[in-house]
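**Student:** Chain order of the listed sequences is A and B.
Residue 1048 in the numbering used here sits at position 183 of the first sequence; the count goes up by one each step and never skips.
Residue 227 in the numbering used here sits at position 223 of the second sequence; the count goes up by one each step and never skips.
Keep in mind that the hints are not guaranteed to be accurate.
The calculated EDC-like cross-link candidates involving lysine to aspartate or glutamate, where the alpha carbons are at most 20 Å apart (straight line), are [unchecked claim]: (1) B:Lys183 to A:Asp1131; (2) B:Lys183 to A:Asp1072; (3) B:Lys6 to B:Asp115; (4) B:Lys193 to B:Glu46; (5) B:Lys201 to B:Glu58; (6) A:Lys1019 to B:Glu169; (7) B:Lys201 to B:Glu70; (8) A:Lys1019 to B:Asp162; (9) B:Lys200 to B:Glu58; (10) B:Lys183 to A:Glu1023; (11) B:Lys183 to B:Glu209; (12) B:Lys201 to B:Asp82; (13) B:Lys201 to B:Glu68; (14) B:Lys6 to B:Glu54; (15) A:Lys1092 to A:Asp1058; (16) B:Lys193 to B:Asp115; (17) A:Lys1019 to B:Glu46; (18) A:Lys1092 to A:Asp1123.
Using C-beta positions, here's what the derived DEER-type ranges look like [what the hints assert, rightly or not]: (19) B:Pro232 to A:Asp959: 44 to 54 Å; (20) A:Ser995 to B:Gln155: 44 to 54 Å; (21) B:Asn260 to A:Ala1147: 43 to 53 Å; (22) A:Pro1048 to B:Ala216: 49 to 59 Å; (23) A:Asp1072 to B:Gln155: 43 to 53 Å; (24) A:His916 to B:Gly109: 43 to 53 Å; (25) A:Ser980 to B:Ala216: 14 to 24 Å; (26) A:Pro922 to B:Tyr189: 50 to 60 Å; (27) A:Pro922 to B:Asn154: 45 to 55 Å; (28) B:Tyr189 to A:His916: 47 to 57 Å; (29) A:Ser980 to B:Met5: 21 to 31 Å; (30) B:Glu54 to A:Glu1120: 34 to 44 Å.
Rough simulated footprint, nothing fancy, chain B against chain A, three-plus residues with beta-carbon under 8 Å [to be verified]: (31) 933-942; (32) 964-974; (33) 1046-1053.
For the record, the hints were derived by calculation from the structure and aren't laboratory data.
We put the beta carbon where it would ideally sit given N, CA and C, even for glycine.
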Amino acid sequence: MSEILTLLDDPAADQERLALAGTLGVAVGVRVVGGAELIARPGTVARALAHLVADRPVAAVILPAGLFGAEVGSLLALVLGSAVITDVIAIGRDLTATKAIMAGTARSRARVSASPAIFTVQAGIDVAPSGAPAEVVEIAPDSAEISEARVEVKGVAERTALGNRPDLLSANIIVSAGRGAGPDLSAIEELADALGAAVGGSRAAVDAGWVDPSLQVGQTGKTVSPKLYVAAGISGAIQHQAGMRGSALIVAVNEDPDAPIFEVADLGIVGDLAEVLPAAAAAVRGL
Amino acid sequence: MKIIVLVKYVPDIEAGYRFNSARRLDRTGEGLLNQLDEYPLEEARRLALELGAEVVALTMGPDEAEEAARRALQMGADRAVHVLDDALEGSDAVATSLVLAAAIGALGGADLILCGAGSADSTTSLIPVQLAARLQIPALTGAASLTVSNQVATIRRDQDTRSLELTAPLPALVSVTDKANEPAYPSAKAVMLARKKPVAVLDLEELEVDPAAVGPGAAKVTVMEIEPVPPRAGGQVLEADSDDVVAAFVSLLQANALI
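Could you put the whole structure together from the sequences, leaning on the hints where they help?
**Tutor:** See below:
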């Protein structure tokens, strides 16, 4: 039976991707040994994966969605003469991949007509956890004589953005701040605390410095699909909707009755979020 | 010093778009310069003022892509090059990076190649690293800031829990995110000056690229189906001063077992 190589990089999402791989063939985890410099070495990781592919019966390679995964996939496709489909949300047994396109306004089903097929897969995909422990291969890529070896890591600054709140990609509920929500986010945080929710933000809220960049939702941030997304002071530009329109339920609070966010909200509240959110938080705490 | 900025003409998603019978995006409809390409253009404009550099905008696409090139000229590029060839329609990332590498070669290379973080139509971010690999130059991707001095490019790249400072010697490719700057809206004078700037057109023969290496025949992804996502039906909209607002929110939470 063919193997599905799965690059491991994040304990939570790794289990999902290994479970997905297990539905397609024999799941084999690949752990890359290295430090902070790996982020600048996608070509080195791609070469190491290409060596594994040459030695094993590999039908597909699954990579994490995001810039690094896309870069590894892109360079692996170049080395192997294959192709990569990015930001996949489902893969069928025939290796047909489903993804959102055109800022989330359409979906495509596509397949790679070369072997192995390469995919980057989003976190939070709908797949039943697999009980079977997968084989894990460790690779320690050489700093090969390729051009990216000239990239150097000069500094690493740690940031802590999350506090005690749930992770954006795995949260059931996200309360998200927009241009109309700051600079004081206490109403957003109060409702998030009452609901046990993650806090996110639109690009405007991130650019204003109110929300950490790692919590940005939208085209240039994260794509989320929680059970409930509360958009507070977010007008709902298409770039923001691209990151959240897959949410099961959307509640919008905005002072502007014409904000486009109301067109996609299951419940829209026209008014001052500094009054509405604390009242909603108090009601939730009182239950 | 020479800076090449990669720019793309993309459909205006809000104005509507079409896929043709081969399930490929119709790239000849209403469109515009990819919004995320404004950030590398602004970086190039700033670096050109700082260091003294020629800025060349490079695009590949149908006739309509000239609009993206023109916009790049308004935003400060000195000249533009448009790779235009009927055989290019339906090219995948591997073919696109091949053609762009050939075009950059035909332009005599560059000290710095700048591009955006992704395009509005696909947001795959596959091209930058392939192009750098083909040109055998280092790539610094996802730059939230960029400085260039003493022939070295330095960027900040933000990850979820840390920020990295990365450097590479020139020549290098840098992809710039929307965190890097605030693009200036072109002045009336810049728009007028741009009309006189040249847009050169190159085809595959001039680039010595085999047409069999590009287009749908060479693409290794087969699209089987494209379906529109049904628009979300807007629900109830309430005024905040009505007494029902909090009750409606709580009953929505309860009905969906969220509390």
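**Student:** Could you run down the list of hints and mark each one as holding or not?
**Tutor:** Okay, the hints, checked on the actual structure:
As the CA atoms of Lys183 (chain B) and Asp1131 (chain A) are separated by approximately 31 Å, the hinted pair breaks the 20 Å bound. Distance check on the hinted pair: Lys183 (chain B) and Asp1072 (chain A) sit about 7 Å apart at the alpha-carbon level, within 20 Å; holds. With a C-alpha separation of about 5 Å, the suggested pair Lys6 (chain B) and Asp115 (chain B) falls inside the 20 Å cut-off, and the hint holds. Pair hint Lys193 (chain B) plus Glu46 (chain B) holds up; C-alpha atoms about 17 Å apart against a cutoff of 20 Å.
Restraint check for Lys201 (chain B) and Glu58 (chain B): satisfied, since their Cα atoms lie roughly 13 Å apart, inside the 20 Å limit. About 5 Å separates the Cα atoms of Lys1019 (chain A) and Glu169 (chain B), which keeps this hinted pair within 20 Å; it holds. Among the hinted pairs, Lys201 (chain B) with Glu70 (chain B) is consistent with the structure: their alpha-carbon atoms are about 12 Å apart, no more than 20 Å. Under the criterion of a C-alpha separation no larger than 20 Å, the hint pairing Lys1019 (chain A) with Asp162 (chain B) is consistent with the structure, at around 14 Å.
Straight-line distance between C-alpha atoms of Lys200 (chain B) and Glu58 (chain B) comes to about 16 Å, which keeps the hinted pair within the 20 Å bound. In summary, the hint linking Lys183 (chain B) to Glu1023 (chain A) is supported, as the alpha carbons are separated by about 18 Å, within the 20 Å threshold. Straight-line distance between C-alpha atoms of Lys183 (chain B) and Glu209 (chain B) comes to about 38 Å, which puts the hinted pair past the 20 Å bound. Distance hint between Lys201 (chain B) and Asp82 (chain B) is fulfilled; the C-alpha atoms sit about 7 Å from each other, no more than 20 Å.
For the hint linking Lys201 (chain B) to Glu68 (chain B), the alpha-carbon distance of about 17 Å falls within 20 Å, and the restraint holds. Under the criterion of a C-alpha separation no larger than 20 Å, the hint pairing Lys6 (chain B) with Glu54 (chain B) is consistent with the structure, at around 13 Å. Our distance criterion of 20 Å between C-alpha atoms is met by Lys1092 (chain A) and Asp1058 (chain A), whose separation comes to about 16 Å. Proposed proximity of Lys193 (chain B) and Asp115 (chain B) is contradicted: the alpha carbons are some 28 Å apart, above 20 Å.
Straight-line distance between C-alpha atoms of Lys1019 (chain A) and Glu46 (chain B) comes to about 25 Å, which puts the hinted pair past the 20 Å bound. Between Lys1092 (chain A) and Asp1123 (chain A) the alpha-carbon distance is near 25 Å, which puts this suggested pair outside the 20 Å criterion. In this structure the hint that Pro232 (chain B) and Asp959 (chain A) lie 44 to 54 Å apart at CB is violated, the actual value being about 23 Å. Between Ser995 (chain A) and Gln155 (chain B) the C-beta distance comes to about 51 Å, which sits within the given range of 44 to 54 Å.
Asn260 (chain B) and Ala1147 (chain A) have their C-beta atoms about 20 Å apart, which leaves the hinted 43 to 53 Å range violated. Taking 49 to 59 Å as the suggested C-beta distance range, the pair Pro1048 (chain A) and Ala216 (chain B) conforms, at roughly 57 Å. Between Asp1072 (chain A) and Gln155 (chain B), the C-beta spacing of about 31 Å breaks the proposed range 43 to 53 Å. In this structure the hint that His916 (chain A) and Gly109 (chain B) lie 43 to 53 Å apart at CB is violated, the actual value being about 30 Å.
Checking the proposed 14 to 24 Å range against Ser980 (chain A) and Ala216 (chain B) shows it holds: the Cβ atoms sit about 21 Å from each other. For the hinted restraint 50 to 60 Å between Pro922 (chain A) and Tyr189 (chain B), the CB-CB distance of approximately 56 Å keeps it satisfied. Judged by the Cβ atoms, the range 45 to 55 Å given for Pro922 (chain A) and Asn154 (chain B) holds: they are separated by roughly 50 Å. Remark: the range hint 47 to 57 Å for Tyr189 (chain B) to His916 (chain A) is upheld by a beta-carbon distance near 50 Å.
At about 44 Å, the CB distance of Ser980 (chain A) to Met5 (chain B) disagrees with the hint of 21 to 31 Å. Remark: the range hint 34 to 44 Å for Glu54 (chain B) to Glu1120 (chain A) is upheld by a beta-carbon distance near 41 Å. By the rule of at least three residues with a Cβ nearer than 8 Å to a Cβ of chain B, the coverage given for the segment 933-942 of chain A holds, with 6 such residues. Figure legend: the segment 964-974 of chain A, annotated as covered by chain B; annotation consistent (10 residues with Cβ-Cβ distances under 8 Å, at least 3 required).
Under a criterion of three residues with beta carbons nearer than 8 Å to beta carbons of chain B, the stated coverage of the segment 1046-1053 of chain A fails, only 0 such residues being counted.
The structure does not agree with the numbered hints 1, 11, 16, 17, 18, 19, 21, 23, 24, 29 and 33 stated previously, though it agrees with the rest.
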